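Asker: Listed in order, the protein sequences are those of chains V and C. FYI, in the working numbering the residues of the first sequence are 1 to 273. FYI, in the working numbering the residues of the second sequence are 1 to 273.
Rather than coming from a laboratory, the hints here were simulated on the basis of the structure. Owing to the predicted nature of the structure, the values given are computational and were not obtained by experimental measurement. Ideal placement from N, C-alpha and C gives every residue a C-beta, glycine not left out. Where hints are given, some of them may not hold.
Unchecked claim - If we take Cβ atoms under 8 Å as the criterion, some of the chain C residues that face chain V in the derived model are:
| no. | residue |
| --- | --- |
| 1 | V63 |
| 2 | V64 |
| 3 | L68 |
| 4 | A71 |
| 5 | P156 |
| 6 | L185 |
| 7 | S222 |
| 8 | H235 |
| 9 | M238 |
| 10 | S246 |
| 11 | T248 |
| 12 | G251 |
| 13 | K253 |
| 14 | L257 |
| 15 | S259 |
| 16 | P272 |
Number of protein chains: 2
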Amino acid sequence: MCPAKIADGGERGFVIPIGGAEERIDDPVILQRFVELCGGSDANIVIIPTASQLEETGPNYEVVFAELGVANAVSLPITTREDAQREDYVEELAKATGIFITGGNQLRLSTILGGTPVAQSIRKLNAAGVHVAGTSAGAAIMPEHMIAGGASGSLPNEQGVIFAPGLGLLSKVILDQHFSQRNRLGRLLSAVSYNPFASGLGICEDTAAFIGPDNVLEVVGSGNVTVVDPSDLQHSSMAEARSQESITLIGLKLHMLSSGARYCLNTREASPE
Amino acid sequence: MCPAKIADGGERGFVIPIGGAEERIDDPVILQRFVELCGGSDANIVIIPTASQLEETGPNYEVVFAELGVANAVSLPITTREDAQREDYVEELAKATGIFITGGNQLRLSTILGGTPVAQSIRKLNAAGVHVAGTSAGAAIMPEHMIAGGASGSLPNEQGVIFAPGLGLLSKVILDQHFSQRNRLGRLLSAVSYNPFASGLGICEDTAAFIGPDNVLEVVGSGNVTVVDPSDLQHSSMAEARSQESITLIGLKLHMLSSGARYCLNTREASPE
Numbered sequence: 001m002c003p004a005k006i007a008d009g010g011e012r013g014f015v016i017p018i019g020g021a022e023e024r025i026d027d028p029v030i031l032q033r034f035v036e037l038c039g040g041s042d043a044n045i046v047i048i049p050t051a052s053q054l055e056e057t058g059p060n061y062e063v064v065f066a067e068l069g070v071a072n073a074v075s076l077p078i079t080t081r082e083d084a085q086r087e088d089y090v091e092e093l094a095k096a097t098g099i100f101i102t103g104g105n106q107l108r109l110s111t112i113l114g115g116t117p118v119a120q121s122i123r124k125l126n127a128a129g130v131h132v133a134g135t136s137a138g139a140a141i142m143p144e145h146m147i148a149g150g151a152s153g154s155l156p157n158e159q160g161v162i163f164a165p166g167l168g169l170l171s172k173v174i175l176d177q178h179f180s181q182r183n184r185l186g187r188l189l190s191a192v193s194y195n196p197f198a199s200g201l202g203i204c205e206d207t208a209a210f211i212g213p214d215n216v217l218e219v220v221g222s223g224n225v226t227v228v229d230p231s232d233l234q235h236s237s238m239a240e241a242r243s244q245e246s247i248t249l250i251g252l253k254l255h256m257l258s259s260g261a262r263y264c265l266n267t268r269e270a271s272p273e
Numbered sequence: 001m002c003p004a005k006i007a008d009g010g011e012r013g014f015v016i017p018i019g020g021a022e023e024r025i026d027d028p029v030i031l032q033r034f035v036e037l038c039g040g041s042d043a044n045i046v047i048i049p050t051a052s053q054l055e056e057t058g059p060n061y062e063v064v065f066a067e068l069g070v071a072n073a074v075s076l077p078i079t080t081r082e083d084a085q086r087e088d089y090v091e092e093l094a095k096a097t098g099i100f101i102t103g104g105n106q107l108r109l110s111t112i113l114g115g116t117p118v119a120q121s122i123r124k125l126n127a128a129g130v131h132v133a134g135t136s137a138g139a140a141i142m143p144e145h146m147i148a149g150g151a152s153g154s155l156p157n158e159q160g161v162i163f164a165p166g167l168g169l170l171s172k173v174i175l176d177q178h179f180s181q182r183n184r185l186g187r188l189l190s191a192v193s194y195n196p197f198a199s200g201l202g203i204c205e206d207t208a209a210f211i212g213p214d215n216v217l218e219v220v221g222s223g224n225v226t227v228v229d230p231s232d233l234q235h236s237s238m239a240e241a242r243s244q245e246s247i248t249l250i251g252l253k254l255h256m257l258s259s260g261a262r263y264c265l266n267t268r269e270a271s272p273e
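Full structure from sequences and hints, please.
Answerer: Structure below.
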């Protein structure tokens, strides 16, 4: 699904995938920056805890945001597709200046939210300027093409990644999270080489890509965003390879980006600040 | 140390780093190809087992090469610097059409062989056309700048790699082995970014780079050679980074090469065959 249409003269809100395990108490730079974007103490943050099967996930983030000075942070306990059609939840979302999608299992997000009024609201609100952050599974769900699973390891593979349709807040991007911690270069390379139209972003834990309305991302947090840019890919053996056979990929670009570094999803240019 | 001088009109032998754990019995494509290069049944292969602390390592390879049809395969049990000065060993080396350096600990190779007549012989013989293969530690020792150690993981780090001077059969190359199996991208990126003059080769187990006298390598075996080419590196934060701080590297080229693929160390061009 492509991102929702932006009104003439408008601009979409930030899309902020976080690699999981973001610091929440001691110098929580990522969440703080998100809160500032959303209006600081005037922010109205709606939390979507659907990826998690733990009842306390949503309420816990309410406390985290309250401690960051946010007056209004409310979690919508959506656990079924029926919940995802509730009008009162859609009305709650309509008041948001920021939406935060928690971690858990991204297939819960896609199967429970996909195609519902809540999913449509998130898409439309982002297109209308509301910022959307998500951590771990909440980051995975953001692009058109979501990584739902795959093997760990550093090598690409014909069966190296499992895709599912995502929420479609971002196009031209393949996202992976817990990236270095779970050794996921191989599945990002697999994903990017299945169809080399997109930039691959591998986001470490406690690290976020703040992707602005101009499609320039800035890295925030303690880890790296690994960018794999296949736009100059000269050769790929992915189509011919049999299961478990080694893959040849020639001509990838690789950037390791740390805090403050930027990458433009449109021009594919990286810069240190 | 630079590679030894090649006589006018001559050409050096192949240099063949193997990523460790090469198949020795069931379809041993790497060792077979090495044996063919060295003359097949007429080959005279000298084994250097110094990296290993196991007495049986040398004799075991004598058996492996005998089973591949080599009439003369002899292991030199060099375990001290005194051994590495023995004239009879130097004479044995002088008869070799191929030299095979086993796995173990590359710091044993560099500390025991470094600067001795045996090391000088290997260098000069390779320059005169004798092929040199090495597996694991035996591969690590080959370049001017040897990776002696470092942390595992996919991210580069200011303290991510420990270098030691190597045997100097190859210049402009940084080599790592057991590459995907031990998750060593981070230390290869660290190594390459310390001084981005060289191509980084990360060689998987049961995989070899057959580097010809023309400096073109061909991949042989079941795994990948990961090539990191920093020749277009635009920015590196390596010099400013504090210990354990995330590193920014912008503009690396990355090739994943499987069996049959080639890479030229001089032009830095990769091709699928």
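Asker: Now, for every hint given, state plainly whether the structure supports it.
Answerer: Structure-based check of each hint:
no., hint, verdict
1, V63, "violated (29 Å)"
2, V64, "violated (24 Å)"
3, L68, "violated (23 Å)"
4, A71, "violated (34 Å)"
5, P156, "holds (6 Å)"
6, L185, "holds (6 Å)"
7, S222, "holds (7 Å)"
8, H235, "holds (5 Å)"
9, M238, "violated (10 Å)"
10, S246, "holds (3 Å)"
11, T248, "holds (5 Å)"
12, G251, "holds (7 Å)"
13, K253, "holds (6 Å)"
14, L257, "holds (6 Å)"
15, S259, "holds (7 Å)"
16, P272, "holds (5 Å)"
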